[in-house]
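**Q** These are the residues of each chain, in order.
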Amino acid sequence: MNLEYTDKQNAFRAEVRAWLTANVPSEPLKSFDTEEGFQQHREWEAKLNGGRWGMVTWPEELGGRGADLVEWLIFEEEYWRAGAPLRVNQNGIFLLGPTLMEYGTAEQKARFLPRMATGEDVWCQGWSEPGAGSDMAAIRTTARRDGDHYVINGQKTWSTRAVWADWCFGMFRTDPASERHHGLSFILVPMKTPGITVRPIPQLDGLPGFAEIFFDEVRVPADCLLGDEGKGWKVAMATAGFERGLMLRSPARFQQTAARLVALYKANRESADRDPTVRDAVIRAWMDAEAYCLTTYQTACRLLNGGKIADEASTNKIFWSELDQRMHETALSILGARAELWPHAPDAGEVGNWLDGFLFSQSGSIYAGTNEIQRNIIAQRMLGMPRA
Amino acid sequence: MNLEYTDKQNAFRAEVRAWLTANVPSEPLKSFDTEEGFQQHREWEAKLNGGRWGMVTWPEELGGRGADLVEWLIFEEEYWRAGAPLRVNQNGIFLLGPTLMEYGTAEQKARFLPRMATGEDVWCQGWSEPGAGSDMAAIRTTARRDGDHYVINGQKTWSTRAVWADWCFGMFRTDPASERHHGLSFILVPMKTPGITVRPIPQLDGLPGFAEIFFDEVRVPADCLLGDEGKGWKVAMATAGFERGLMLRSPARFQQTAARLVALYKANRESADRDPTVRDAVIRAWMDAEAYCLTTYQTACRLLNGGKIADEASTNKIFWSELDQRMHETALSILGARAELWPHAPDAGEVGNWLDGFLFSQSGSIYAGTNEIQRNIIAQRMLGMPRA
Amino acid sequence: MDFRFTEDQQLLAEGARDFLRAELSTERLRALWASPTGRDDALWAQLAELGLTGLLVPEEHGGLGLGDIEMVSVAEACGHVALPEPLLDTAMIAAAMLRDAGNAALAAEWLPRIAEGTARIAVGHCVNPLVADAHVADLLLLPQGDAIFAVPREGVSLTANESLDPSRRLFRVDVAPGAGSLLASGDKARQLLAAALDRGALAAAAQALGVAQRLIDLSVAYTRDRKQFGQVVGSFQAVQHLMANVAVKLEYAKAPVQRAASEIARSTSRAALSASHAKLVACEAASLAARNSIQVHGAMGYTWEVDVHIFAKRAWVLESAWGDRAFHKLRVADAVLADGAAIGPGTTF
Amino acid sequence: MDFRFTEDQQLLAEGARDFLRAELSTERLRALWASPTGRDDALWAQLAELGLTGLLVPEEHGGLGLGDIEMVSVAEACGHVALPEPLLDTAMIAAAMLRDAGNAALAAEWLPRIAEGTARIAVGHCVNPLVADAHVADLLLLPQGDAIFAVPREGVSLTANESLDPSRRLFRVDVAPGAGSLLASGDKARQLLAAALDRGALAAAAQALGVAQRLIDLSVAYTRDRKQFGQVVGSFQAVQHLMANVAVKLEYAKAPVQRAASEIARSTSRAALSASHAKLVACEAASLAARNSIQVHGAMGYTWEVDVHIFAKRAWVLESAWGDRAFHKLRVADAVLADGAAIGPGTTF
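Chains as they are written, first to last, in my numbering: chain A, 5 to 392; chain B, 5 to 392; chain C, 1076 to 1424; chain D, 1076 to 1424.
No lab work stands behind these hints, which were simulated from the structure alone.
Note that the coordinates shown come from a computational prediction; the quantities given were computed from them, not determined experimentally.
All C-beta atoms, glycine included, are put in the ideal place defined by N, C-alpha and C.
Accuracy of the hints is not assured; some may be wrong.
Unchecked claim - Distance ranges between label pairs, derived from CB positions:
#, chain 1, residue 1, chain 2, residue 2, range
1, C, Glu1380, A, Gln43, 25 to 31 Å
2, D, Gly1415, A, Asn14, 18 to 24 Å
3, A, Asp227, C, Ser1110, 49 to 55 Å
4, D, Gly1261, C, Ala1417, 52 to 58 Å
5, D, Asp1116, A, Lys238, 55 to 61 Å
6, D, Gly1415, A, Lys196, 50 to 56 Å
7, D, Ala1296, A, Ala267, 44 to 50 Å
8, A, Glu106, D, Thr1193, 55 to 61 Å
9, C, Ala1417, B, Lys34, 48 to 54 Å
Please put together the full structure from these sequences, using the hints given.
**A** Written out as structure tokens, the structure reads:
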């Protein structure tokens, strides 16, 4: 065990930091749940990719740097430290990207990954359906094979940023006679195909973060199938592992929030200390974010040496989502009577974006499989407790 | 709504206080989980009964004072305030007593209640069995009718103080062909009957608080049946309601613990405040004990006017058991490195009996139906959520 | 000693509850959000007609001459529907101030208008950095130095501040110097402001009870229908326990709220402690209800179109209205940890 | 950067674990509780034979010359079986003090005896009001004024104090004036005591991990067999979630403990912060494991005859050994809230 960075890792960090210092926009971009903000973020992705920082773990021929997971963690640390924009294509690069690496044909990788990296193709997910939320095996949207096409009919929901996305990846029932997790296929769908209708679903804050996607005889070429027909469940489980696991929520994000919380506490210490539990919650935020970082490095070191992501995907999901909620609740406690004000309110003072973050944190324990489902998985798969 | 005591209630309180001031032993009795302590407590019960304070809610002809529930709460407040001994016959007076009042014949009441009040008959429970803990309907111990006797065979467990008790009340399967909660009967069993063997079960603290009771062809007269044969479930549910509900854990007990916790905090404030969450936990203990008291008065007022104890039995059980655990955990936090020492340790200082109370509090969320079962009951009966 | 409401009190409470549930659907609430003031004069008139605006107004001024115990049930009903109107600020907090100030002229001028529903009143207080509903108030009661002034809306200028809860309309109030009439000063003003704070906390606590109950209602109804893994969601033990935990917290917040109403109505020395206790536990129940209700709704809980967020937001903003959690914890700590504090068995009433 | 143990480290850890699990059944532990000293010389000799007592002892003194990273796995294994022997006090804390004190004579006298298993050593420290295992110690390292003295057991008088955990044997130590030899004084003594505290906290944290895992193991095994309501208890979602919550806490306590070992081994400026962080989170995991394991055992969890209490008690006493929760929270707060503290992304290693 050796917990010191190598010279190569330190040099990599220095290079990332230098580029970000020179290139991160000085003004924060608008929310990517607005049309203008979405375009700004797409442009930022192109710029990032121009510096070959779009997805550092990808091979050089795909615009990456062949970085390993520890280097990826270092990149993320610097990215969050620099206050760089949120990744509008996170569903693409963090979820579909690794899945394509594992299951895609050479042709598919060459076709999809570079355009994903430049931000030319922004991806959304097509997993959930009205009757299939946490229970993905209940999917009913069909993809009927018709010559060299699949013909899709049905409805997907809770698709983040589907309103502006170029492509959708998701699971569809290719065998109409199949049940549960059999007979499903993982298919990539161009959002401009005729027969697709997108209806935005306003979120808690009123912005259209989610959407429903309706499919009416949508014809998709058969080469958009990822993995084998009828084996979509296996492909999707890999993606879900990435979502709950390492990639979607890098520790740096929560360490950044914890550091901001410490700063907020210190700036409002007199008021905050009226409630003696606040200081404790602030310290705990640092400890938990630190534990999440340490544990992620530990997992990364295991994966680097041939290990597979497994049940830690579920412990991760619970840990970061509840940490995120606690940190934002603590921030609102510190803000007291000002906590309810939006940042643009004239008397809001320095409330920052804690309220927005608090609302967003409410979804963390729900998406990518509710925390109740994750606890079932931990009990049954990790601890070996019996199913009912 | 009127939350002031009447003159009559104030006079009652003054009378209780005067008697207790004159009669409560100045030295604490030994633990009633020891033989010597058990005898001391039995003598105290006799003295209490001599002053007609054994069970104030009972009618005068049974040695009580015909007090109503609010007066009972007042009595309990004074009792705990005076630091009077724990009630060694609590299973009798608080659980069987009210059940006898409701289901007993005149003969049974006259036969059992006065001797219960004097402490001549100390009662234990015979509910749980090795295969029937929270799931009482799984009871298998049989009581076969044979002329004017029942013949009991089987095993009961977790019977508190059965080692020294004179009588046992419990549930037995009188219809051998019956299942679940049908065919059970509520029977009162003299512990000296031949065929009964008692095996103590040492608790966390090593003392024999519990015991197993083995029944081998134990012949009990048929007039020891309480309620109708085969209808024991209904009788037992009334008793369980009393156990989870008002009587077994009067608010005064927890208010006393909260007040002791406040005193402990104030006596160790500098050390306690090193952890800023301690003060908050102390304040919360007061608030929760106060809420428990207020809510119990509210329930008592409802019952006084013809209401029935219902689902609040389950909310009560959860609330006081978790409050008790939190208060004792907080006390141990305040004691820091001394928390692990027994009071007789030469360097323990003023640790009081917090450690013992902490261990006892661990059982609160388990006995009388685990808190998991109580939450099921609340969700399904109080909120109307569906069974699986 | 009787914790039960009298028959009259129950009838009044049921009347208010039935009216509000019938009138204030979430559709109507959403329509109000989209309107310029967010308030509805017709609804206000109905509230007056039911006697609710004049509940605390003495009978000689045209009101019902009732007290905080009656008002607390109305407040709970307001929470259950997330009423946006300033009923509690006007009819509970301001009405009590005007009633108790010993200023006959202002009382005679404004109490009848409150009772008949022709005046909404906003209240400024140092624990609230902004004033709620100042934009629709006919009169504002504003502390200045060691006095309280009654200022008509024409005498102030307002700056709107947008809140998380679209029902909340909050304003910074700037007052022209010397505007309005003196309501009270010195000790009397301090007493009035202390009582206003306790009533504000009590009103928030009672609303929180109603909000928590509504969130339970919505969640139970939703999880009874929604299926996952071939089973209705509400039959999963984990989901049941999330809601049972809310039910327990709510159950033990109710009596403290009633006690606070009783102490405030009698202006006892324990009014402040009781109000803080009630507000802390009731808001905690509502906040837990918000969190767990969103959770059991799954992704639906995170949307604008499903109603759960309406009540979750109300729960969250009640946390810091009329004194935030820290403020009330400090008041409880000061009282409970004081030398010679009356705590322990037998000290509750 | 590599979080994995080397192959040698893994072999050592597995060896210790296998040995302890095979030798220290709970039956043997219960027998030790009933014995006069609660300790077993034969077991101690076996630990020495495996090299565990001499793990930190430099090779020139007959030890393995390894470090805290190796020791931490041994400590975890000790927790898993609730080992009563003072292995960690002797072979980790005291051995490091003797190794690092710069006192060649005492090192030459005692380090070989530690390695060969002919000496147990007890350590006094201001954060521990009493000294553990003084009754079986051949030598005691005791702070006095600004110095540390090495005192043979003959030079002290002991007063036993009974602990909740029958494995714990705690003593007040009174020292005859001028007894023993000076180990170190001044800055060196302060450094040694600071390092002893960090190692003590680390040892407690690592043991807590083992205790928590054992409690999970016991609970999963029990709930797989026990039936209620016609269903094995372990298949109830509420029971599963009680254990899943423990698993999550434990999972996120492991890496902090390893990090603390790495920082302490390198004597970095972050050793104290890392040790406190590790102790807090590991003990919290063990305490939650104790509570939830008792709960899922139902009434069995409250008995003497079922093993769960052995490990629950160990979890509870570890909370306050080598600095209680408040002590370590304060150390973390001081570090994290300091001006210019290095926190945020990229500051972890």
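**Q** Against each hint, give a clear statement of whether it holds in the structure.
**A** These are the hints, each one checked on the structure:
The hinted window of 25 to 31 Å between Glu1380 of chain C and Gln43 of chain A holds, with their beta carbons roughly 27 Å apart. Checking the proposed 18 to 24 Å range against Gly1415 of chain D and Asn14 of chain A shows it holds: the Cβ atoms sit about 21 Å from each other. About 53 Å separates the C-beta atoms of Asp227 of chain A and Ser1110 of chain C, a value consistent with the hinted range of 49 to 55 Å. In this structure, Gly1261 of chain D and Ala1417 of chain C meet the distance hint of 52 to 58 Å, their C-beta atoms being roughly 54 Å apart.
Restraint check, Asp1116 of chain D to Lys238 of chain A: a C-beta distance of roughly 57 Å satisfies the suggested window 55 to 61 Å. Checking the proposed 50 to 56 Å range against Gly1415 of chain D and Lys196 of chain A shows it holds: the Cβ atoms sit about 52 Å from each other. The supplied range of 44 to 50 Å is met by Ala1296 of chain D and Ala267 of chain A, whose beta-carbon atoms lie about 47 Å from each other. The hint said 55 to 61 Å for the Cβ distance between Glu106 of chain A and Thr1193 of chain D, and at roughly 57 Å that hint holds.
Look at Ala1417 of chain C against Lys34 of chain B: about 32 Å separates their beta carbons, and that is not inside 48 to 54 Å.
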